[in-house]
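These protein sequences, in sequence, are chains A and B.
Under numbering that gives the first Met the number 0, think of the first position of the first sequence as 0, with each following residue one higher.
Under numbering that gives the first Met the number 0, think of the first position of the second sequence as 0, with each following residue one higher.
It is possible that some hints are incorrect.
Derived lysine to any residue pairs resembling SDA-like cross-links, with alpha carbons at most 20 Å apart [what the hints assert, rightly or not]:
| id | chain 1 | residue 1 | chain 2 | residue 2 |
| --- | --- | --- | --- | --- |
| 1 | A | Lys71 | B | Arg15 |
| 2 | A | Lys87 | A | Glu243 |
| 3 | A | Lys196 | B | Arg15 |
| 4 | B | Lys27 | A | Pro184 |
| 5 | B | Lys49 | A | Lys87 |
| 6 | B | Lys27 | A | Arg185 |
A partial selection of chain A residues facing chain B, derived with a Cβ cut-off under 10 Å [stated by the list, open to error]:
| id | residue |
| --- | --- |
| 7 | Lys179 |
| 8 | Val183 |
| 9 | Arg185 |
| 10 | Met186 |
| 11 | Ala187 |
| 12 | Ser188 |
| 13 | Leu189 |
| 14 | Arg190 |
| 15 | Gly191 |
| 16 | Met193 |
| 17 | Lys233 |
No wet-lab data here; the hints were simulated from the structure.
Think of the CB as a built atom: it goes at the ideal place given N, C-alpha and C, for glycine as much as any other residue.
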Amino acid sequence: MHIVVCAKQVPNTTQVRINPETNTLVREGVESIMNPFDENALEMALQLKERHPGTQVTVLTMGPPQAVDILKEAVGRGADEVMLLCDKAFAGSDTWATSYALSMAIGKLPKPDLVLFGKQAIDGDTAQVGPGVADWLGMPCITCACKIEIAGNRALVERAFEDGYEKLEVALPCALTVLKEANVPRMASLRGKMAAKKLQVAPTTAEMVGADPAKLGLSASPTRVMKIFSPPPKTGGVLWQGEEPAVMAQRLVDLLRERKLI
Amino acid sequence: MAELNYGLSELAVEIRGMVREFAVSRVKPVRAELDETGRFPAEILRELGKMDLMGLYIPAEYGGTFEGDSMPNIIAVEELSRICIGVSVSYAANGLGADPILIGGSEEQKKKYLPPLASGEKWAAYALTEPNAGSDAGSIRTTAVKKGDTYVLNGTKQWITNGGEADIYTVFAVTDKSRGARGVSAFIVEKGTPGFSFGKKENKLGIRASATRELIFEDCEVPAANLIGREGTGFIWAMKTFDVSRPGIAAQSVGLAQGALDEAVAYAKVREQFGKPIIANQGLSWMLADMATQVEAARALTYAVVKTIDSGAKDYSKFSAMCKVFASDVAMRVTTDAVQVFGGYGYMKEYPVEKMMRDAKILQIYEGTNQIQRDIIGMALNKEYAAAARR
């Protein structure tokens with residue numbers, strides 16, 4: 000079995016602030032990490048590899064040269080192969096252009112049986128790249144997966160929601176986006192870390208994967224960010240109690256009408 | 000944080016980072032529960048095995064990563080101990096169980112028993128102590144009688160760390176009663192051997208996550224091939240093991256004391272009384288200063304002893320005893336003072352320092368009481384100065 004895990008290097012958002020003047024992330028001095036949900040996707044792949052000997056795990060990322068750090072981390076944990084998609088042509092790509100680029104890169108790898116993603120990246124939070132890549136590749140995509148079992152050329156996948164679970168059976172190849180609840184990501188092993196230190200990763204360019212330049216980068220990205228803001232903190236609200244229910248209900252209706260909410 | 004330059008290798012620094020992160024993310028969240036319930040931290044040891052951290056003291060030819068530098072192993076023990084010595088003793092006891100094989104075992108024994116220990120697939124234990132043979136280890140009564148190509152073991156071992164959990168045991172038994180300590184032999188006994196069973200798990204003051212059990216041998220037949228070295232050499236392996244393992248107890252002590260210091264300083268900065276953080280009181284900050292100084296001195300001595308052993312020194316029993324006795328006394332004092340810094344809160348189980356104080360006590364007792372350590376140092380001084388006087 001060949002599993003491709005798509006991972007993204009993100010700023011550790013627990014340390015990030017937004018500049019209120021420019022509405023952009025203040026990235027200076029913030030550590031970069033593997034997107035936490037992608038760690039769960041990688042762990043799912045590594046657990047499948049343990050259960051199904053002979054499985055190969057390839058980790059793919061698109062980003063600047065320093066994104067190689069998350070590939071090294073992945074090798075430390077047990078990934079077999081890595082690919083760094085790195086080219087100025089990709090700069091400014093939105094989820095549409097990113098999905099296209101990743102799908103072209105996957106097309107250059109040995110045919111995968113599974114393509115795994117984290118549910119979303121903690122910087123953009125769009126949760127669109129996984130389904131986008133699946134669409135470009137013409138694969139079924141199951142989002143919010145928390146469990147997987149492989150039997151022959153089919154996968155039994157559990158999806159988790161706030162109000163329950165869904166069990167789906169799907170033919171391989173397929174794409175999954177993985178939830179945090181799926182597992183506890185392992186830490187890198189000593190031998191893995193040593194192997195990762197020696198790892199040399201040559202960047203793979205847009206041309207090398209045969210990507211159409213017209214579909215890459217900022218100019219090819221239909222998404223426009225109009226405004227970024229921190230939602231205002233919730234205020235305390237008003238509490239009415241001790242009066243007749245009918246009186247309080249009337250007051251509520253009046254207030255909602257006054258604010259044109261009903 | 001500023002630190003002294005101990006000239007650590009790149010590998011040792013790497014291990015320190017790995018184990019520190021592991022201890023904080025995997026051990027810290029469960030240490031109170033492990034302490035409360037006495038549950039053995041099997042999943043923690045398994046994960047350490049997967050991370051290639053169970054074979055730091057085993058040479059590469061037997062599946063480990065040891066290349067002459069013992070510091071990575073010492074630092075792994077120290078960093079685990081900083082969070083929980085109930086976990087670190089379960090980890091380190093593997094090395095104690097394996098050391099007699101490493102020191103006195105045949106090539107066949109090493110090839111058979113060390114690789115599964117290095118990978119963490121199997122765990123080891125060291126079985127010397129008996130109900131009537133603690134400090135006086137030479138007076139053990141468990142017997143091993145040669146019968147064809149086996150030895151038949153009879154007797155009881157007491158307070159064996161990893162007892163019941165380990166797969167491979169190095170067991171010391173008397174093969175020739177008339178020769179005293181020179182009649183003791185060491186054997187490798189596998190769990191599951193007929194006639195080998197376990198007694199109750201002990202209910203302890205501290206290190207409650209660790210499994211401490213009796214081992215019972217009733218006509219237990221062990222292959223003669225499992226004799227370590229020759230008959231009568233067991234006590235040598237036992238003592239040589241202690242010489243290399245005592246710095247491990249010192250590392251546990253340094254780690255535990257550092258953990259208590261970490262907690263005490265952090266608390267003293269946020270706890271306010273009389274309108275200011277209590278660390279602003281000179282009486283208290285001097286206490287913290289003394290704690291920190293003792294921890295660093297214990298660390299320096301421990302590392303120096305380990306490096307001396309690694310350098311190929313022949314005679315280091317005295318130094319091993321010194322670092323064990325000094326660091327464990329420091330751990331007892333520093334953890335006790337940490338409870339004092341916390342005041343009433345320190346006495347409560349909601350905070351980790353009361354556990355640290357309970358845990359610390361064993362460090363002055365096991366692997367040779369601190370009185371035995373002082374005997375070793377005293378005897379060495381007597382011998383060395385006598386030799387010097389003759390010259």
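Comparing the hints with the structure gives:
| no. | hint | in the structure |
| --- | --- | --- |
| 1 | A/Lys71 / B/Arg15 | holds, 19 Å |
| 2 | A/Lys87 / A/Glu243 | violated, 67 Å |
| 3 | A/Lys196 / B/Arg15 | holds, 17 Å |
| 4 | B/Lys27 / A/Pro184 | holds, 17 Å |
| 5 | B/Lys49 / A/Lys87 | violated, 39 Å |
| 6 | B/Lys27 / A/Arg185 | holds, 16 Å |
| 7 | Lys179 | violated, 15 Å |
| 8 | Val183 | holds, 9 Å |
| 9 | Arg185 | holds, 7 Å |
| 10 | Met186 | holds, 6 Å |
| 11 | Ala187 | holds, 7 Å |
| 12 | Ser188 | holds, 5 Å |
| 13 | Leu189 | holds, 4 Å |
| 14 | Arg190 | holds, 5 Å |
| 15 | Gly191 | holds, 8 Å |
| 16 | Met193 | holds, 8 Å |
| 17 | Lys233 | violated, 28 Å |
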